[in-house]
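Protein sequence lines correspond, in order, to chains U and R. Each residue of the first sequence is one higher than the last, beginning at 28 in our numbering. Each residue of the second sequence is one higher than the last, beginning at 28 in our numbering.
Since the hints were derived computationally from the structure, they do not count as laboratory data. Treat the hints with care, since some could be wrong.
The list makes no distinction among identical chains, and a pair is therefore deemed to hold if it is satisfied within one copy or across any two copies.
Taking lysine-lysine pairs in the DSSO-like style, the calculated list, with each CA pair at most 27 Å apart, reads [stated by the list, open to error]:
1) K77 x K240
2) K137 x K101
3) K59 x K206
4) K177 x K32
2 protein chains.
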Amino acid sequence: MLILKVPVPRLLFIGFGNVGQKVAELFLSKNKTHPGLSGFKPQVIGIFTKTHGAVVNQAGINLEKSFNQFVKSKHFTQANPDYVNIPVIEAVQNLDYDCLIDVSGLTIEKKGEPSITYIREALKRSINVVSANKGPAAFAYKELHSLADKQSCKFLHESAVMDGAPVFNLYRNNLKGCKVTGLSGILNSTTNFILSKMEEGVAYEKALKEAQKQGFVEDNYLNDIDGWDAAVKITILVNQLMEAPITPFEVLREGIGNITIEQAQNACERGYHLKAICRAFYEKNILQTRVSVEEVPDDHIFSKVSGTGSILRIETDLMNPIMVVQENPSIQDTAYGIVSDLLSIFTQ
Amino acid sequence: MLILKVPVPRLLFIGFGNVGQKVAELFLSKNKTHPGLSGFKPQVIGIFTKTHGAVVNQAGINLEKSFNQFVKSKHFTQANPDYVNIPVIEAVQNLDYDCLIDVSGLTIEKKGEPSITYIREALKRSINVVSANKGPAAFAYKELHSLADKQSCKFLHESAVMDGAPVFNLYRNNLKGCKVTGLSGILNSTTNFILSKMEEGVAYEKALKEAQKQGFVEDNYLNDIDGWDAAVKITILVNQLMEAPITPFEVLREGIGNITIEQAQNACERGYHLKAICRAFYEKNILQTRVSVEEVPDDHIFSKVSGTGSILRIETDLMNPIMVVQENPSIQDTAYGIVSDLLSIFTQ
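So here's chain U without its partners, still in its complex pose:
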């Protein structure tokens, strides 16, 4: 039973790709399909896309109609009574809403912009922000979290790492009093998938194409292959769970571009599996962070994380390590991560 803190939260979307659309679908879902969400029907007051138009209605857009129209024509058009042609920044700064939802894509070369600017502007107005975009949390973690604290609002990004599987919420809610002393895990699906395929003798290019076909590769696939996606994820985790203000540029980063089928199969024959592993640990009191390809023994739990699955191992001063595993997530898992953050903010 969800008890709402505000009658109907009003949301402004930036981006409306696969994840944004799936969030809308969850809002529109029948109560019978997802009974736990039946008391939570927020009002969407605007959706902005980069190049596919925008809609705004301060009294709430017709989400079902707008969603159906967008799915059909891949564009908001003037046929929609709420169609607007105004810059995103103006909407962020001037509309009345309770939460900004950033489901735009990661930009490594722009270091998380323009999302960081939009999020900063919302937080300055004491408006909550939920971001599935990894960029802002990775490149401006400290600034945005400090600003949110100062303005007594929230900047949450559960779905930036391991989609809806709780990692940030787990740390915040369930590891109280613990000092996190180390992190490791498999956090990038594309490289995990390709390395598994190479063990079976499938060439890198073919495996990449299959991954792209399945839809979980970053728009710029080199973000995955070169380890940027994983570096960005371990950066956000280190910032929050280890309270160390690093950026992705400080992560020692090794991609999988140079790995050969022979290497993958040779490791296999010796009882190992090649895995792209993220690590953060202290060595002589100095924090080390890295993404690199490691040989993981066959009896290690990491070696059984296959397909698009991921795993995070958390070391603390108070417990032996615990792990969170995510089994073959789909786009709905990412969408649930956003809904989960909204429920954290707007329900008791």
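Fit chain R to the given chain U structure using the hints.
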């Protein structure tokens, strides 16, 4: 940074075995050792044991002295100025305290008594309860949780399943809006340890003795071997996560007593591992719960949970399955589970 809701929580302990003593050690720990607990130093106003004496001081017992004396002589004696000889129930009903901590042992034959009675009496006075004892949550889940709700206090039991690794807190805090549709896992260390040893050719009796030596076997080892401990754990999980009011007697239960070395090794040769698996799932809309020995394929993540480790797989309507893994916990993990519940209750 922990912000306390009450200045100094006052605690009453029932039981002071390994877990209770480890909780005391955490309270007494140096700030440097566990910096996250430095702001949390509760006052212990009483400790009752079944047959090893009791101490009470409404202004707070001297925890360090009492702990050292108990560790040395295995008994509270009249040498302790706070030594008392009164029934537990009177202490529970009459002393002034903010939380009852139940670290007494599981009683299957007594269906969770006398703990259930003590907990009921505390809750009736609107006093919070944290229990590491699985009995009360398994045999009186609904009654005690309803009573706690009615009395506006908490009945928490994080360490009853998977020690400090968050499962109940994870569900409560991080899976908001999700409907849990199925559970499975390895939740009993003793049987997991023995089955692993049998694969290596070690006889059941010898493996059991080794487990007992390592200190993780229930006082009545048949609680482990016959599947009662696992049945009790899946019962509590089903009550909370699936909101189904079952008791351990309704769980289909198969122990490991009849498993032979030959069976374990034969499975191994075929690429499988024998594991005592707990399951809860719906079959034609009817909830099925069971503990049984299954053959788990070598490439399944469950097969890599070894030693005293455990794993829980949670299926929901909103995400693909997630898992929580606990790696070789020690007694401090259980103690942290209790501290974690106290922090949930007493900090913001």
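For each hint, the structure was consulted:
1. K77 x K240: within (23 Å within a copy, 64 Å between copies)
2. K137 x K101: Close inside one copy (26 Å), not across copies (64 Å); limit 27 Å.
3. K59 x K206: Between copies only: 11 Å across, 41 Å inside.
4. K177 x K32: Classified as both: same-chain Cα gap 20 Å, cross-chain 21 Å, threshold 27 Å.
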